[in-house]
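Engineer: Based on the provided sequences and hints, a complete structural model is requested.
The residues making up each chain are set out below.
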Amino acid sequence: MKTPIAIAVAAAASLGTTAITADEPKSGGVIDTIIQPEPPGLVLGMIQNAPTRTVAGNIYEGLLRYDTDLEPMPQLAESWEISDDGLTYTFHLRDDVTWHDGEPFTAEDVVFSADVFHRELNPSARAVLQHIESIEALDEHTVEFTLEKPFGPFLISFEAGTFTMVPEHIYAGTEFRDNEANNHPIGTGPFKFDSWDRGTVIQLVKNEDYYEEDLPYLDGINWHIIPDGASRAVAYENGTVDVLPYGTVENFDIPRLTEMDNTCVTDKGHEYFSPFAMLWMNNREGPTADKRFRQAVMYAMDREFARDVLWNGLGQVPLGAFGSNARFQNDDLAPYDHDPERARELLDEMGYDGEEVRLLPLPYGETWTRWAEAVQQNLKEVGIEVRTEATDVGGWNQRLGDWDYDLAFTYLYQYGDPALGISRTYLSDNIEKGSPWNNVEGYENERVDELFNAAATAFPDEEREKLYHEVQEILQEDVPVGWLLELGFPTIYRCDVKNLVTSGVGVNDGFKDAWLDR
Amino acid sequence: MLYARLIASRLVKAVIVLFLIIIFNFVLIQLAPGDPAAILAGEAGATDEEFLNQLRERFGLDQPMYVQLWHYVSGIATLDFGFSYRQQMPVLDLILARLPATLLLTGTAFVLSLGLGILAGSLAAARVKKPSGSLIMALALLFYATPLFWVALMAVVLFSVYLEWLPAYGMLTVGAGHTGLALALDVGKHLILPATTLALFFMAIYTRMTRASMIEASQQDYVKTARAKGLSNGVIQRRHILRNALLPIITLAGLQAGQMVGGAILTETVFAWPGIGRLMFEALQQRDYNLLLGIFFFSAALVILFNIVTDLVYRLADPRIKEAP
Chain X
1 MKTPIAIAVA AAASLGTTAI TADEPKSGGV IDTIIQPEPP GLVLGMIQNA
51 PTRTVAGNIY EGLLRYDTDL EPMPQLAESW EISDDGLTYT FHLRDDVTWH
101 DGEPFTAEDV VFSADVFHRE LNPSARAVLQ HIESIEALDE HTVEFTLEKP
151 FGPFLISFEA GTFTMVPEHI YAGTEFRDNE ANNHPIGTGP FKFDSWDRGT
201 VIQLVKNEDY YEEDLPYLDG INWHIIPDGA SRAVAYENGT VDVLPYGTVE
251 NFDIPRLTEM DNTCVTDKGH EYFSPFAMLW MNNREGPTAD KRFRQAVMYA
301 MDREFARDVL WNGLGQVPLG AFGSNARFQN DDLAPYDHDP ERARELLDEM
351 GYDGEEVRLL PLPYGETWTR WAEAVQQNLK EVGIEVRTEA TDVGGWNQRL
401 GDWDYDLAFT YLYQYGDPAL GISRTYLSDN IEKGSPWNNV EGYENERVDE
451 LFNAAATAFP DEEREKLYHE VQEILQEDVP VGWLLELGFP TIYRCDVKNL
501 VTSGVGVNDG FKDAWLDR
Chain B
1 MLYARLIASR LVKAVIVLFL IIIFNFVLIQ LAPGDPAAIL AGEAGATDEE
51 FLNQLRERFG LDQPMYVQLW HYVSGIATLD FGFSYRQQMP VLDLILARLP
101 ATLLLTGTAF VLSLGLGILA GSLAAARVKK PSGSLIMALA LLFYATPLFW
151 VALMAVVLFS VYLEWLPAYG MLTVGAGHTG LALALDVGKH LILPATTLAL
201 FFMAIYTRMT RASMIEASQQ DYVKTARAKG LSNGVIQRRH ILRNALLPII
251 TLAGLQAGQM VGGAILTETV FAWPGIGRLM FEALQQRDYN LLLGIFFFSA
301 ALVILFNIVT DLVYRLADPR IKEAP
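Protein chains in written order, with full-length UniProt numbering: chain X, 1 to 518; chain B, 1 to 325.
Since the hints were made in silico from the structure, they are not lab data. Heads up, none of these hints are tricks.
So the derived list for chain X, only partly shown, Cβ under 10 Å to chain B, looks like this:
(1) E38
(2) R126
(3) D197
(4) A230
(5) V234
(6) E237
(7) N238
Not everything, but these chain X residues come out facing chain B in the computed CB check (under 8 Å):
(8) G41
(9) H224
(10) G394
(11) N397
(12) G401
Beta-carbon label-pair distances, calculated as ranges:
(13) E355(X) to D80(B): 45 to 55 Å
(14) E355(X) to V111(B): 55 to 65 Å
(15) L69(B) to E349(X): 54 to 64 Å
(16) K13(B) to A172(X): 47 to 57 Å
(17) R243(B) to G239(X): 42 to 52 Å
For every residue, glycine included, the Cβ atom is placed at its ideal position computed from N, Cα and C.
Structural biologist: Okay, here's the thing in structure tokens:
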């Protein structure tokens, strides 16, 4: 079943390219949009949460940008070379880039950002940095990264939110988190920070000295801060804001909004993150420790229903552990179709005695609450008793960090490569209390560890593919976690906002190319 | 002189009570589930042990509880309310930045509800058996019984979406760059819906209370005396009945005034009003303990302050209360 919104998104995608070239871009105009929730700060690299990335992705940049197929595009680096052994990456930087305070951007900034700033502050960058032997500035505009071993996802790690370029002349030698400049972030991006009226609005203005010709077209962006979901929908309905980024309105409001005149919707711009909804299943104890129980849960869930009804038909039901956007997906796996009969057989076989299991919904709003209800009902149909235990975000973090759950909803970013976004969920050395983002389910399989570790450093890609295909077969059988849905987050916008989403990280760096046809 | 001594003794008590409140809140908050560092890390979407430890160390969360408590209390003595983990700003700056918006909203609602409530209540009392009196009471009952958030949402739908008379949310028009009188008018326009929404509930209570209390007072002997003296009905209503009926209303007004800092969470959220209530709610969700404690402190201080003010107003309204300690 395709819902009207899914059709609208598909139509927009096929029209996309022609629409872009049909008109000559115009300069001018300010865009009003929404950021939800209010970010804690705007210095990317110091803070990596979603709202910070979305706003500051327009202020800061990385060495590379990625298209919707996740192929690298030039940004601060205009070209790059990889040595034949996959160990040395050389980036040639643009020589016409300046920071927002007028200082030139050089290779020293790159070395400082990667080797000092991120190494100290940024856990997601540290995951990549551990593979790096040295980072050197060969001259003012050339940087060389040398790896200890080949690392497949290396080239995909240079997105603005992961390896943000921060100014050395401002941060070097200071206590980073207490630096005065954090209240007035300085980047190289198309927009400059102007003001932040806490609880009301964050204003960015055009960077007049931006190095790419004619860009950006917009004079500025106002990020309104509106804490209530219904009020955010009203802000779009009454014309105060023109763009509703992902997650700003409840899913059940979306059909009503997309029916409005001059309204377009797209689910592009998330390819790099490709958010993947999962059901943690506690592999340590209780019925969920039995793999037949976990398989039964997979067969019992009607995931197509959840997508069509709760997510307006957006997103994809995943085959297994690797999403459809992930590299090296193995298409030959046996799918877990909705098959309550098979689920009951498996439960009989293991001798499930009807022991109640506890389910933690994700405390991120109505849609997730309803989804938990749907799963509860699916499981009841095959004879599994579920008790839903609602928490707030803090309680949810704590319960997962303490492994105090049987089933729990979550969603994780894939970050473009299995070694960055997928293996972390299954590697046994990633089992550690206190974090809701590691191997929370407690899955341990030596062969899986071997395969994931080998695949991360195998070279070239054909070698990686073989290893990843094998690991997917094992995971498909073991079902360490439930694979629910590759989420499609819609961006809703007025159709006369053109070129809004142009890259695989488009939700965060999209305003660079956007223009108003008014 | 009597007042000065009264105020002095009340202030001494207030400091003791505040101190106990600080300790009580601090201990209570430690009992809530959820580790602030884990929540901050959780928000970041990626974390490792090093990151968690950095956070704990930075905010002193790795210290034993009594050390944390000592730091906190000794900080407050120098007006240092600590640092907000989540907002990356000193707590005092955050609170002071949000306080004017909240006081404007709750203050307006306070004046509005008290003024209109007493007015409507007196009118209803004077028209006990007439349809207009019943109408006022029916409306009061309606506002009293309807949940605040629903009134707020319906007001937005009616006045902002359909009629487009008033802005739906926020405190000022973003990007308009108003100054002076234009700014005041702009803020005033944004204030109407949230202040009215917030005022309705208390207005209904004041109306009902004023009416009941005035009807009771109107049956007293001194009212008969006043009528026998030949005073006009208006003068009797104002000077003899209303003034004697005011005491319970002052009590209630004192309670409402005490809630001015933290009592508008729902209204501030629905109308995106950048006030303290919202800040408190977000701080609670994010386990931003320092910020939460800071707001609790201000709320408690305000409640105590208004209790003292209420006591003084009692004495103005009813000179018989003087001798009580």
